[in-house]
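So the sequence shown is numbered by our numbering: it starts at 955 and just counts up by one.
Quick caveat, the hints were computed from the structure, so don't treat them as lab data.
Some hints here could point you the wrong way.
To be verified - Pairs of lysine-lysine residues, derived as DSS-like cross-links and limited to a Cα-Cα distance of at most 25 Å, are as follows:
#1 K985 to K1032
#2 K1107 to K1075
#3 K1002 to K1104
#4 K1009 to K1056
#5 K985 to K1222
#6 K1189 to K1009
#7 K1083 to K985
#8 K1189 to K996
#9 K1002 to K1056
#10 K1180 to K1008
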Amino acid sequence: MNVCFKLLTFITILLTCAISLASPNAKHNIKVALTIDDLPLKENITTKVVNVLKKHHLPPTWGMLNAKKVQNNPKLLKELKIWIASENKLGNHTFSHLDLAKVSSSEFIEDINKNEPVLKKFMGNQNYKIMRYPYLSYGNTKHKYKEVQKYLKQNDYQTAFVTMDFFDSEWSPAFKRCKIANNKTSINWLENSYLNQANNAIVIARELSHQLFNRDIKYILLLHLKNISPNLLDKLLHQYENHGVQFITLESALKDLVYKLNPHIYRKRAYTLLNRIRLSRGLNNPNIVKKLYASLPENKLKNICRRD
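Just need the whole structure built from these sequences, with the hints factored in.
This is the structure:
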């Protein structure tokens, strides 16, 4: 009897663990590649950011370059040197951050090419052929998408699709206004809401991943660090680690077969790859995803610390 009871108990424990691991709400090892768009960062910020990345033992992190910023402000070359010296990497985000939904495929491809001299200068013999589409816009027509993808394939580029995102750039203008106004109460609210939405991004990505593939894919997280303090990045990384996130390289994440899929969605905005795949299958967002998207405080972000 005791042997049977112990065996049943053991089987029950195993089943419980299996169910827990299958649940997108379970806390366990979630593999995430951190990527940062719109490099170079502002002057005197890069050193603080790379120190935070080192503190959390992140593998080499990809920053997506818009070289027009360097053309407009040569002092930012120093920031790129600091980034590369810390063993981080640079990928192509187009020269001037073009929106493929608003320009022709030929203009877009020209802007990719225009970005390459600075990439070659800083990456040397290392691979820099990782492409991140600005605004996560892959073209509002099939023709545009196919033309750009054809060019990328012919030139050995991989696309750094995004599968975890919380529209963090929407906090940037609000942070700038509130810092100028020295409104500490509003800054505190911005920091808390930023971290809350960052946490929501994990839940949203995992819910969609389990809805579509019944598993956790290797996620790719998009961040912008405009007007965001390195201290807040430190808190975000702590928060993710506490949630069970293990940070991996972008190269490792891109080996997940999900990044080989083409959902055939051509529109001005379709956001993450997971969302595009969901749309291609005609599926609704899970209820929890709808609720978390609805919690994005867009109106308050637009109006906080405004003087007019």
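Are there hints from earlier that the structure breaks, and if so, what are their numbers? 1, 3, 4, 5 and 9
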